[in-house]
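Chains as they are written, first to last, in this note's numbering: chain A, 1 to 280; chain B, 1 to 174.
In short, the hints are calculated from the structure, not lab data.
Note that the coordinates shown come from a computational prediction; the quantities given were computed from them, not determined experimentally.
Hints may contain errors.
To be verified - Which residues of chain B face chain A? A partial, calculated answer using Cβ under 7 Å:
no., residue
1, Val78
2, Val135
3, Val139
Just so you know, even glycine gets a beta-carbon here, dropped at the ideal spot from N, CA and C.
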Amino acid sequence: MAMITISREFGSRGEEIAWLTAEKLNFLRVNKKMIEEGLLNQLSQENKLVILESGGHLLFKNHSPALHVRIICPREKRILRVKETYSLSDKAAAALIRQKDRDIQKYIEEIFNEDWSNLDLYDLIINTDKITIESASEIIANSFLIKEKCKNTTTPYQKEDSGTKIELSSKAKKEIKFMHPSEKEFAKMLDFYRIKWEYEPKTFPLGWDSEGNITEAFSPDFYLPDYDLYVEITTQRQKLVWKKNKKVRRLKEFYPEINIKIIYNKDFKSLLRKFGLESG
Amino acid sequence: MNNKLKEIISPEEICSRVKKMGETISSDYLGKELILISVLRGSVYFAVDLSRSLSIPFSIDFISISRYGGNTEPAGVVRITKNLDVNIGNKDVLIVEDIVDTGLSLSYLLQNLKTRNPKTLKVCTFLNVESRRIVNVPVDYKGFDLPDIYVVGYGLDHDEQYRGLPFVAEFVKT
Chain A
1 MAMITISREF GSRGEEIAWL TAEKLNFLRV NKKMIEEGLL NQLSQENKLV ILESGGHLLF
61 KNHSPALHVR IICPREKRIL RVKETYSLSD KAAAALIRQK DRDIQKYIEE IFNEDWSNLD
121 LYDLIINTDK ITIESASEII ANSFLIKEKC KNTTTPYQKE DSGTKIELSS KAKKEIKFMH
181 PSEKEFAKML DFYRIKWEYE PKTFPLGWDS EGNITEAFSP DFYLPDYDLY VEITTQRQKL
241 VWKKNKKVRR LKEFYPEINI KIIYNKDFKS LLRKFGLESG
Chain B
1 MNNKLKEIIS PEEICSRVKK MGETISSDYL GKELILISVL RGSVYFAVDL SRSLSIPFSI
61 DFISISRYGG NTEPAGVVRI TKNLDVNIGN KDVLIVEDIV DTGLSLSYLL QNLKTRNPKT
121 LKVCTFLNVE SRRIVNVPVD YKGFDLPDIY VVGYGLDHDE QYRGLPFVAE FVKT
């Protein structure tokens with residue numbers, strides 16, 4: 001599934017750029033309402049998408065065919081634009097920008113535990129201070145096409161030399177920062193039994209507010225592609241477990257086709273015991 | 001060591017269940033070339049009793065794979081430590097396990113044996129602990145379903161002890 005996600009500062013004209021890009025590439029425009037109605041999963045199966053904001057760059061963080069774009073613009077310029085567009089005073093425009101940016105910042109932090117201003121999460125950053133929306137959309141569309149083309153030409157190369165590729169991927173795995181030692185132990189166990197895994201490859205939105213912003217989401221710890229199975233390891237205290245259980249129930253409600261297995265603290269202990277690794 | 005053992009499956013129950021399994025397998029494999037593959041070491045006791053309750057011809061072989069030990073070197077992966085002596089190509093193969101819980105080692109075994117092109121490949125286990133399952137593995141014949149408890153006896157050990165018990169017991173550390 002091909003997609004471009006566009007995240008923008010308020011007043012940077014990111015929205016116009018997003019829709020213009022979608023038009024150029026003949027991609028489906030995904031707005032907040034469609035996400036709100038829970039259509040994202042279904043849409044992404046059948047269409048090429050341009051997703052505006054809503055944490056798209058984080059939802060599809062590890063989805064390699066996606067191009068993640070951030071539109072920025074100096075503050076003064078944004079104030080000027082917002083002032084004109086909404087017929088506001090300088091002060092009101094500045095306040096509106098501050099509020100809108102803070103809203104996004106807050107929800108990215110709450111849902112994804114990420115810093116919205118972290119530019120490491122984007123492939124392409126465009127400053128619309130001196131670039132028109134026409135050029136910006138042209139740049140994005142072409143970047144996407146170039147990225148697609150490069151991917152296609154390098155694939156057979158990698159296939160030929162699969163030995164190197166495996167080595168690279170296992171090297172990459174070592175650098176994964178696990179949230180909890182039990183996850184690291186579990187990953188080692190899977191490696192031992194030669195079971196392929198991915199760490200937190202996908203985030204499932206579970207709730208949306210009236211504006212279509214995601215208010216609740218869930219990223220299972222592991223995905224085992226050969227078994228099409230998500231695994232969540234819950235070593236938290238019992239008090240917090242009900243919260244996770246609720247999330248898993250919602251996940252099953254929204255995405256009934258997803259297979260997920262929860263390993264509770266008790267299960268994990270008996271797993272360690274089975275392998276003679278129990279402590280104490 | 002004051003570990004407590006609590007019998008949960010008696011020798012009589014084991015005997016009648018294994019006999020029954022033998023009858024089912026005998027009728028399912030009638031006219032086929034059955035090879036029992038006992039996974040060392042735990043399943044030996046079960047495999048011997050099961051094979052004695054078969055009324056059809058069969059052959060038996062043994063396989064052993066390394067077990068996850070946690071502190072294996074980073075590159076440590078499961079491997080076969082004792083391979084089969086017979087060729088299972090185009091044969092009807094039945095893996096005999098003492099216990100299937102996470103499904104991790106069995107999934108490896110199934111994959112490995114599949115590459116040797118048996119005609120059919122099925123799984124028979126003495127004990128099945130569904131609640132501990134991580135990956136889905138097919139279990140075609142099972143003796144007893146157990147909840148998530150730690151058991152010994154009838155082939156299952158704790159530090160190589162208790163394998164020889166004629167019954168299955170819950171092992172309670174005190």
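Structure-based check of all given hints:
1. Using the Cβ-Cβ criterion of 7 Å, the hint placing Val78/B at the interface with chain A is satisfied: the shortest such distance is roughly 5 Å.
2. The interface hint given for Val135/B is met, as the beta carbon of that residue sits about 5 Å from the closest beta carbon of chain A, less than 7 Å.
3. About 15 Å separates the beta-carbon of Val139/B from the nearest beta-carbon of chain A, more than 7 Å, and the hint is not met.
Checked against the numbered hints above, the structure breaks only hint 3 and satisfies the rest.
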